[in-house]
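A.B. asks: Residues per chain, in single letters:
2 protein chains.
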Amino acid sequence: MSRLSDIIEQFIKGLMEDARTNMLEIRRNELADHFNCAPSQINYVLATRFTIDKGYYIVSRRGGGGFIRIQKLDTESKPYIGQIIMEYIGDSISQFDAERILDSMEKKGIITPRESEIMKAVTNEKSLNVFSPSKDIVRAGLLKSMLSVLIRRD
Amino acid sequence: MSRLSDIIEQFIKGLMEDARTNMLEIRRNELADHFNCAPSQINYVLATRFTIDKGYYIVSRRGGGGFIRIQKLDTESKPYIGQIIMEYIGDSISQFDAERILDSMEKKGIITPRESEIMKAVTNEKSLNVFSPSKDIVRAGLLKSMLSVLIRRD
DNA sequence: TTATTTGACTATCTTTGACTATTAATATTA
DNA sequence: TAATATTAATAGTCAAAGATAGTCAAATAA
Numbered sequence: 001m002s003r004l005s006d007i008i009e010q011f012i013k014g015l016m017e018d019a020r021t022n023m024l025e026i027r028r029n030e031l032a033d034h035f036n037c038a039p040s041q042i043n044y045v046l047a048t049r050f051t052i053d054k055g056y057y058i059v060s061r062r063g064g065g066g067f068i069r070i071q072k073l074d075t076e077s078k079p080y081i082g083q084i085i086m087e088y089i090g091d092s093i094s095q096f097d098a099e100r101i102l103d104s105m106e107k108k109g110i111i112t113p114r115e116s117e118i119m120k121a122v123t124n125e126k127s128l129n130v131f132s133p134s135k136d137i138v139r140a141g142l143l144k145s146m147l148s149v150l151i152r153r154d
Numbered sequence: 001m002s003r004l005s006d007i008i009e010q011f012i013k014g015l016m017e018d019a020r021t022n023m024l025e026i027r028r029n030e031l032a033d034h035f036n037c038a039p040s041q042i043n044y045v046l047a048t049r050f051t052i053d054k055g056y057y058i059v060s061r062r063g064g065g066g067f068i069r070i071q072k073l074d075t076e077s078k079p080y081i082g083q084i085i086m087e088y089i090g091d092s093i094s095q096f097d098a099e100r101i102l103d104s105m106e107k108k109g110i111i112t113p114r115e116s117e118i119m120k121a122v123t124n125e126k127s128l129n130v131f132s133p134s135k136d137i138v139r140a141g142l143l144k145s146m147l148s149v150l151i152r153r154d
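Listed in order, the protein sequences are those of chains A and B. Under this note's numbering, the first sequence has 55 at position 55, and the numbering climbs by one with no breaks. Under this note's numbering, the second sequence has 43 at position 43, and the numbering climbs by one with no breaks.
Each hint should be verified, as a subset may be incorrect.
Identical chains blur together in the list; that is why a pair holds if it fits in one copy or across any two.
[Said to hold, decoys possible] With a cut-off of at most 27 Å between alpha-carbon atoms, the simulated BS3-like pairs for lysine-lysine come out as follows: (1) 135 with 13; (2) 13 with 54; (3) 120 with 54; (4) 120 with 135; (5) 107 with 144; (6) 120 with 108; (7) 54 with 72; (8) 72 with 120.
FYI, nobody ran anything at the bench for these hints, they're computed from the structure.
Input sequences plus hints: build the corresponding full structure.
C.D. replies: Listed below in structure tokens is the structure:
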């Protein structure tokens with residue numbers, strides 16, 4: 001019990017709840033100072049507990065004025081998309097299955113034909129060709145990131 | 001937050017909007033004085049936030065009565081802009097530059113805000129995270145693949 | 001073993017300042 | 001007066017310093 005990572009996780013979630021917001025910006029070093037831990041500990045917490053699969057999206061910027069923005073995805077009011085992202089895609093997906101998902105979403109009117117094409121351009125074998133190792137894994141990550149746009153809220 | 005560069009960027013854009021004009025002339029040293037910063041800071045802001053691909057054109061003159069003229073370019077034809085941007089992307093692009101391109105395309109109405117977000121999800125460091133070697137190269141390839149969808153169809 | 005924690009090293013973005021380049025205004029000279 | 005030189009007023013460049021965040025692997029804990 002009381003693993004530092006868990007405490008930091010709760011702290012961040014607490015901040016968001018208290019502020020009744022779905023978007024939070026932190027400074028990595030400040031937070032690390034607050035918990036008297038290595039800054040990279042914050043990265044660990046984010047990487048293990050604030051992933052897309054767990055319903056969060058992270059954006060960050062380095063340099064002066066840098067920050068880490070944590071955004072909670074809206075998986076409650078958009079359960080269908082949430083489920084696809086959090087459960088269906090998983091850690092790995094083929095081009096074929098990715099396209100099937102996109103086609104079905106397009107048919108349902110959840111995404112436009114053009115959005116579908118943009119996303120297929122990414123999940124395409126050719127686009128992913130540049131780097132060979134574990135294409136299906138990369139594709140899954142990118143697809144989930146793209147779909148998470150549909151359930152972001154500010 | 002409070003990144004000086006961002007504040008200066010907003011200040012300049014605000015001046016243009018207030019004056020309802022696409023052309024603004026500033027004096028580098030005056031502006032630097034106003035923000036109490038090094039004059040070269042102004043060059044930095046212009047170089048990173050008022051570039052051609054973002055739709056701005058800069059002309060300047062040194063010497064007594066010198067000035068820096070910032071001109072906001074009118075939206076030109078979509079294919080033309082598309083071509084410029086594709087050329088600008090080249091073989092490699094940073095997350096920062098990718099996002100600026102997308103912002104500018106969105107502002108010009110070439111892509112929707114949601115399409116912009118989808119593409120940013122891909123160019124994001126985090127999404128590209130799985131494979132580290134030559135991220136900028138992979139990003140450039142994916143971005144061009146996505147954008148080519150738009151150019152093909154328009 | 002697996003998950004967590006740490007720290008050294010790296011990458012990125014911003015800010016500053018010393019030095020350089022250019023131009024306009026003014027002074028000097030032919 | 002016209003040409004030229006000088007000075008002052010700008011802006012530009014570039015590299016170093018500062019301010020963040022990211023990565024990765026070794027050490028530690030559960």
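A.B. asks: Hint by hint, say whether it matches the structure.
C.D. replies: Hint check:
Proximity of residue 135 to residue 13 under the C-alpha cut-off of 27 Å is found in neither arrangement, the shortest distances being 32 Å within a copy and 31 Å between copies. In this assembly of identical chains, residue 13 and residue 54 lie within 27 Å of each other by CA distance solely inside one copy; the values are 12 Å within and 36 Å between copies. Taking the shortest Cα distances, residue 120 and residue 54 sit within 27 Å of each other both inside one copy (16 Å) and across copies (20 Å). For the homomeric pair residue 120 and residue 135, the shortest alpha-carbon distances inside one copy (14 Å) and between copies (20 Å) are both at most 27 Å.
Taking identical chains as interchangeable, the C-alpha atoms of residue 107 and residue 144 lie at most 27 Å apart whether they share a chain (19 Å) or sit on different chains (26 Å). Taking CA atoms no more than 27 Å apart as the test, residue 120 paired with residue 108 passes in both settings, with 17 Å inside one copy and 24 Å between copies. In this assembly of identical chains, residue 54 and residue 72 lie within 27 Å of each other by CA distance solely inside one copy; the values are 9 Å within and 30 Å between copies. In this assembly of identical chains, the alpha carbons of residue 72 and residue 120 lie at most 27 Å apart whether taken from the same copy (24 Å) or from different copies (17 Å).
Hint 1 from the list above is the single one not met by this structure.
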